[in-house]
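Enquirer: These are the residues of each chain, in order.
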Amino acid sequence: EPEVTQTPSHQVTQMGQEVILRCVPISNHLYFYWYRQILGQKVEFLVSFYNNEISEKSEIFDDQFSVERPDGSNFTLKIRSTKLEDSAMYFCASRRRLNTEAFFGQGTRLTVV
Amino acid sequence: AQSVTQPDIHITVSEGASLELRCNYSYGATPYLFWYVQSPGQGLQLLLKYFSGDTLVQGIKGFEAEFKRSQSSFNLRKPSVHWSDAAEYFCAVGTTNFGNEKLTFGTGTRLTIIP
Chain H
1 EPEVTQTPSH QVTQMGQEVI LRCVPISNHL YFYWYRQILG QKVEFLVSFY NNEISEKSEI
61 FDDQFSVERP DGSNFTLKIR STKLEDSAMY FCASRRRLNT EAFFGQGTRL TVV
Chain F
1 AQSVTQPDIH ITVSEGASLE LRCNYSYGAT PYLFWYVQSP GQGLQLLLKY FSGDTLVQGI
61 KGFEAEFKRS QSSFNLRKPS VHWSDAAEYF CAVGTTNFGN EKLTFGTGTR LTIIP
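Heads up: the protein sequence lines correspond to chains H and F, in order. Residues in the first sequence are numbered from 1 upward in steps of one, following this note's numbering. Residues in the second sequence are numbered from 1 upward in steps of one, following this note's numbering.
Quick caveat, the hints were computed from the structure, so don't treat them as lab data. Glycine is no exception: its CB is placed at the ideal position from the N, C-alpha and C atoms. Keep in mind that a hint or two might mislead.
The calculated lysine to aspartate or glutamate pairs, modelled on DMTMM-like cross-linking and capped at a C-alpha distance of 20 Å, are [stated by the list, open to error]:
id: 1; chain 1: F; residue 1: Lys61; chain 2: H; residue 2: Glu3
id: 2; chain 1: H; residue 1: Lys42; chain 2: F; residue 2: Asp8
id: 3; chain 1: H; residue 1: Lys42; chain 2: F; residue 2: Glu88
id: 4; chain 1: H; residue 1: Lys78; chain 2: H; residue 2: Glu101
id: 5; chain 1: F; residue 1: Lys68; chain 2: F; residue 2: Asp8
id: 6; chain 1: F; residue 1: Lys49; chain 2: H; residue 2: Glu44
Covered stretches of chain F, as calculated for chain H (at least 3 residues, CB under 8 Å) [what the hints assert, rightly or not]:
id: 7; stretch: 27 to 41
id: 8; stretch: 44 to 53
id: 9; stretch: 101 to 110
Take a look, some chain F residues computed to stay more than 12 Å from chain H by CB distance [said to hold, decoys possible]:
id: 10; residue: Val4
id: 11; residue: Asp8
id: 12; residue: Ser70
id: 13; residue: Ser72
id: 14; residue: Val81
id: 15; residue: His82
id: 16; residue: Ile113
id: 17; residue: Ile114
id: 18; residue: Pro115
Only chain H is shown next, with the shape it has when bound in the complex (with noise of 0.2 Å):
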């Protein structure tokens, strides 16, 4: 069954370093997400992405964030500058089309340090 990767599965890094998490959407599919969770809390959306630009993102999402489908196969966020708070549990999503379910990657826990 085809599923969403994401790599790595766990990464620390110091506070002030750039970080680049990566996924691989289900090949098929067109709408690409992450979200984040902090420890503790909800499943927080972050920036959706299609046709090669943000649809739409969230006010989390600010200027040290951004995305990129490089190849047309990876999906990635890049992280700037971390912060103490940007630790957290990232998760990656795809869907086909509009109006179907979004299958989600087995996350990414981030460990500013």
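Position chain F relative to chain H; hints supplied.
Expert: Chain F only, in chain H's frame:
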């Protein structure tokens, strides 16, 4: 703005007993509703979804949920829980804004199963 409320933070159920997890949503239009499950260290797995039609939807692992528009609820049920059902359960509403969809999640309900 849309929101989802899961009033029970933690529920403990005996194995073999029935289960109901509550979910209430707030959204101005017809919602798309989902239940996801997250086992420790795992990602989010879709249990079931409601888009339209029959208000009682069946999902995987023996779960079902009923959409009640009058109560703005989408409660998850299972007639007999198994130890493997211990996990965190998230209700979510899918909302469309200018053709884009995103999910708004509740805070989750942690389910503990006792023998």
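Enquirer: Checked against the structure, which of the hints given earlier come out wrong?
Expert: 4, 10
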